[in-house]
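Enquirer: Line order of the protein sequences matches chains A and B.
For the first sequence, position 279 matches number 278 in numbering that gives the first Met the number 0, and the numbering has no gaps at all.
For the second sequence, position 179 matches number 178 in numbering that gives the first Met the number 0, and the numbering has no gaps at all.
Just to be clear, a hint being listed does not mean it is correct.
Distance condition first, Cα-Cα at most 27 angstroms in a straight line; then the derived DSSO-like pairs of lysine-lysine [said to hold, decoys possible]: (1) A:108 <-> B:231; (2) B:201 <-> A:304; (3) A:108 <-> B:304; (4) B:304 <-> B:201; (5) A:108 <-> A:240; (6) B:156 <-> A:304; (7) A:240 <-> B:94; (8) A:108 <-> B:94.
Note that these hints are calculated values from the structure, not bench results.
Source: prediction; values computed, not measured.
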Amino acid sequence: MGKGGCAPTENMAAWLHGVNDLRIEPYPLPALGPNDVRVRMKAVGICGSDVHYLKTMSCGDYKVKEPMVIGHECAGIIEEVGSDVTSLVAGDRVALEPGQGCWRCDRCKEGSYNLCPDMEFFATPPIHGSLADQIVHPANLCFKIPENMSLEEGAMCEPLSVGVYGCRRANVGAETSVLIIGAGPIGLVTLLAARAFGAPRVVVADVDDVRLSVAKSLGADQVVKVSLNKEDVASEVEEIKKAMAKPIDVTLDCAGFEKTVSTAFGATRNGGKVCLIGMGHCNMTVPLTPAASREVDVLGVFRYKNTWPQCIEFISSGKINVKPLITHRFGFSQEEVVKAFDTSARGGSAIKVMFNL
Amino acid sequence: MGKGGKACDASTENRAAWLHGINDLRIEPYPLPPLGPTDVRTMSCGDYHVKEPMVIGHECAGIIEEVGSEITSLVAGDRVALEPGQGCWRCDRCKEGSYNLCPDMEFFATPPIHGSLADQIVHPGNLCFKIPDNVSLEEGAMCEPLSVGVYGCRRAKVGAETTVLIIGAGPIGLVTLLASRAFGAPRVVVADVDDHRLSVAKKLGADEVVKVSFNKEDVASEVEEIKKAMGKGIDVTLDCAGFEKTVSTAFGATRNGGKVCLIGMGHCNMTVPLTPAASREVDVLGVFRYKNTWPQCIEFISSGKIDVKPLITHRFGFSQEEVVEAFETSARGGSAIKVMFNL
Numbered sequence: 000m001g002k003g004g005c006a007p008t009e010n011m012a013a014w015l016h017g018v019n020d021l022r023i024e025p026y027p028l029p030a031l032g033p034n035d036v037r038v039r040m041k042a043v044g045i046c047g048s049d050v051h052y053l054k055t056m057s058c059g060d061y062k063v064k065e066p067m068v069i070g071h072e073c074a075g076i077i078e079e080v081g082s083d084v085t086s087l088v089a090g091d092r093v094a095l096e097p098g099q100g101c102w103r104c105d106r107c108k109e110g111s112y113n114l115c116p117d118m119e120f121f122a123t124p125p126i127h128g129s130l131a132d133q134i135v136h137p138a139n140l141c142f143k144i145p146e147n148m149s150l151e152e153g154a155m156c157e158p159l160s161v162g163v164y165g166c167r168r169a170n171v172g173a174e175t176s177v178l179i180i181g182a183g184p185i186g187l188v189t190l191l192a193a194r195a196f197g198a199p200r201v202v203v204a205d206v207d208d209v210r211l212s213v214a215k216s217l218g219a220d221q222v223v224k225v226s227l228n229k230e231d232v233a234s235e236v237e238e239i240k241k242a243m244a245k246p247i248d249v250t251l252d253c254a255g256f257e258k259t260v261s262t263a264f265g266a267t268r269n270g271g272k273v274c275l276i277g278m279g280h281c282n283m284t285v286p287l288t289p290a291a292s293r294e295v296d297v298l299g300v301f302r303y304k305n306t307w308p309q310c311i312e313f314i315s316s317g318k319i320n321v322k323p324l325i326t327h328r329f330g331f332s333q334e335e336v337v338k339a340f341d342t343s344a345r346g347g348s349a350i351k352v353m354f355n356l
Numbered sequence: 000m001g002k003g004g005k006a007c008d009a010s011t012e013n014r015a016a017w018l019h020g021i022n023d024l025r026i027e028p029y030p031l032p033p034l035g036p037t038d039v040r041t042m043s044c045g046d047y048h049v050k051e052p053m054v055i056g057h058e059c060a061g062i063i064e065e066v067g068s069e070i071t072s073l074v075a076g077d078r079v080a081l082e083p084g085q086g087c088w089r090c091d092r093c094k095e096g097s098y099n100l101c102p103d104m105e106f107f108a109t110p111p112i113h114g115s116l117a118d119q120i121v122h123p124g125n126l127c128f129k130i131p132d133n134v135s136l137e138e139g140a141m142c143e144p145l146s147v148g149v150y151g152c153r154r155a156k157v158g159a160e161t162t163v164l165i166i167g168a169g170p171i172g173l174v175t176l177l178a179s180r181a182f183g184a185p186r187v188v189v190a191d192v193d194d195h196r197l198s199v200a201k202k203l204g205a206d207e208v209v210k211v212s213f214n215k216e217d218v219a220s221e222v223e224e225i226k227k228a229m230g231k232g233i234d235v236t237l238d239c240a241g242f243e244k245t246v247s248t249a250f251g252a253t254r255n256g257g258k259v260c261l262i263g264m265g266h267c268n269m270t271v272p273l274t275p276a277a278s279r280e281v282d283v284l285g286v287f288r289y290k291n292t293w294p295q296c297i298e299f300i301s302s303g304k305i306d307v308k309p310l311i312t313h314r315f316g317f318s319q320e321e322v323v324e325a326f327e328t329s330a331r332g333g334s335a336i337k338v339m340f341n342l
C-alpha cells in the first residue's frame with residue numbers, strides 16, 4: 000500500500016478505439032509499485048503523433064491493435080507515492096517524461112535510453128497514454144516544477160524536450176548559425192531551444208505566413224517563405240543562404256519531407272550538420288551524395304533523453320517562454336476531446352492544443 | 000632558382016599522360032611551371048568536368064630533384080609520398096583544419112588541375128612526406144588510397160571497441176579494412192558481390208565475409224545475414240561502394256546510435272530508407288578524401304601494422320602502349336585491385 004492520498008473511485012481516460020473514434024471511458028489504474036507514483040493529471044497537450052494515431056491508428060511501424068489511452072505531453076499533481084519513493088510526496092506538482100527504458104540493455108546502460116528496444120512510451124502501442132484523470136508512473140520520470148511554473152508549462156516540457164535534444168545532438172551553441180525548416184510546434188520549440196542555447200542567428204523557413212510570423216515573434220532573426228514544390232529547392236536554398244548571410248552550421252529539419260531534407264542538405268555549409276527531427280516516409284529520394292561529399296553530417300533525432308531538468312530550468316528562469324505556443328484550451332469531456340483533436344488536426348493557427356483537467 | 004638537383008630543362012624532356020577525351024590518353028610533353036620558393040620538383044604519378052586536356056593520376060610517390068628557395072625540410076634525393084590536394088590555406092575551412100573541404104581546393108587530376116602521371120611534377124614542399132628506407136615508393140603511392148580508409152576510420156571513431164562492417168571489397172574497401180584493423184577494431188565483417196574480392200578481404204584480415212547480391216529486394220535478408228556474421232551489434236558501417244542498395248544495407252545493419260560512413264560516392268539523388276535510420280539515430284557521415292593522414296599512413300606502413308603490398312596486383316611501365324593497357328586492366332576490376340605505374 001502506498002503512502003498518502005486516497006484511492007480513486009472511477010478513473011476516466013480518453014480511449015482510442017478506431018479511426019476518429021475517441022471515447023472517454025473508465026481506465027482502471029494498475030497497482031502502485033514501490034517506485035511508482037499516482038498522478039492526478041492537470042494539463043495534457045496534443046501532439047501530432049496523437050492526431051496521427053487518431054486518423055490512421057498507426058504511426059510509423061507502430062499499429063494500434065486494441066483500444067489505447069491517448070496522450071503523452073503532461074503534467075499533474077502527485078496523489079500517492081510508492082513505498083520506496085523518497086524524492087516526491089503527495090501534493091508535489093510534476094512534469095512527466097513519457098518513456099521508460101528497460102534500464103538493463105546496452106543502450107540504457109550507456110544513457111541512450113531513448114533508443115531502448117523495449118521502451119515503454121505513453122500512447123505508443125501497446126502502452127497506454129496519459130490523457131486521463133489519473134495515471135500511475137515511475138517516480139524517477141516525474142520532475143517537480145517550481146512554483147513560478149504552471150502545469151501547462153510543465154506539460155510543454157515534452158515537446159520542448161525534442162527541441163532541446165535536437166540542439167544538443169547538433170551541438171548548438173553561442174557560435175552556431177541555425178536554420179530551422181518547419182515552423183510547426185516542433186520547429187517553434189526548436190527555435191526557442193536554439194535561442195536558449197545561445198545561437199547567435201536563427202533563420203526559420205515554412206510554407207505558411209501565420210507560422211512564419213509566430214516564428215518571428217518568438218525570436219527568429221529572419222523568416223523565409225518556401226513552397227511545396229520540389230523544383231524550388233535550388234532557388235530557396237539561395238534565398239535561405241542570403242537570409243542567414245553567413246554559412247549555415249546546423250540545419251534542423253522539423254518537417255521531414257524529401258523537399259525539406261534536400262533543402263537542408265543544400266543550405267548547410269561544408270562540414271556542417273543536418274538534424275532530422277521531423278519523421279518522413281520510410282524511403283526518401285534525396286541528394287545524399289552531394290551532402291556526403293561536403294561532409295554535411297546527417298543526425299537523426301529520436302525523441303529525447305535526460306532533458307526534463309534542463310527544460311524546467313529554461314522555463315522557470317525565463318530563458319524560454321513556451322506560453323505563446325498554447326493557442327487553444329479544452330476541458331476533459333467527450334465533446335471537448337473531439338473538438339480539441341479536430342482543432343489540433345486542422346493546424347494553421349492552432350499550435351499547441353492543451354487540455355485542462 | 001631552387002636549391003640542388005640538376006639544372007636540367009625539365010620542360011623539353013618532361014612527359015605526362017594526358018586525358019584528351021573518353022578513352023583517349025596520350026603520353027605527350029608536359030612543361031613544368033616554374034619552381035616557387037616553397038615548391039619542390041619531384042620525379043615519378045561529380046560537378047568536375049574535363050574541359051581541356053588534363054594530365055591524369057594522383058596516387059604517387061617519387062624522388063626530390065630540386066627544392067624551392069625557402070624549403071628547409073626536404074633536399075634533393077629525398078624519397079617522398081605526395082598528398083595530392085592543396086587548400087587555399089586562407090578560408091574558414093582551411094583555418095579550421097578541414098582543408099579537404101576547401102572550396103578552392105586544387106587537387107591532382109581534378110579539373111582543371113593537372114595530375115601526376117608524369118616524369119616530373121612541381122608540388123608544394125609541405126605536401127611531400129619523406130618515407131623511411133623500409134617503405135618502398137610503391138608503398139608511398141599507396142598512402143593516397145590508404146588515407147581514405149584512415150580518414151574514414153577517424154570520422155567514424157573506429158577503435159579498440161568498435162565492431163565494423165565494410166560494404167564493398169574493392170581497393171577502397173580493402174584499405175578501409177586494413178585501416179580498421181590498424182585502429183584496433185576487434186571484429187570486422189566485409190560484404191561484397193564478388194567471391195574473389197571476398198577471399199582477398201579474408202586474407203587481409205576480415206573476421207567474416209558475406210556475399211551479397213545486386214538485387215535491392217535482398218537487403219532485408221542480407222542485413223540479417225550480416226548481423227549474424229558479426230554476432231553482436233554493429234557500431235560502424237563504412238559503405239565503400241555507394242549504391243542505394245549498399246546504403247540501405249548499411250542503414251539496416253548498423254545498431255541504434257551507431258554510425259554509417261559514406262565513403263563510396265553514388266548518384267546524386269538516392270532513394271534510401273533515411274527515416275528508419277534517423278529514428279534509430281544511426282548517424283550518416285560523409286567522407287570527402289582525407290586530411291592530415293600521410294604521417295599516420297607512413298607510420299602504419301613502416302611499422303608493419305599495415306601491409307599494402309598485396310593490393311598492388313598489376314604493374315606497368317610508362318609508355319603509350321602500357322598506359323592504355325594499364326587503364327584497361329584497372330577498369331576491368333575483378334582480380335585487378337591496384338594497378339601501379341613504375342616510372
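Enquirer: Would you mind marking each hint as holding or not holding in the structure?
Expert: Do the hints match the structure? See the list:
no., hint, in the structure
1, A:108 <-> B:231, "16 angstroms, holds"
2, B:201 <-> A:304, "40 angstroms, violated"
3, A:108 <-> B:304, "34 angstroms, violated"
4, B:304 <-> B:201, "17 angstroms, holds"
5, A:108 <-> A:240, "41 angstroms, violated"
6, B:156 <-> A:304, "23 angstroms, holds"
7, A:240 <-> B:94, "22 angstroms, holds"
8, A:108 <-> B:94, "39 angstroms, violated"
Consistency note: the structure conflicts with the earlier hints numbered 2, 3, 5, 8.
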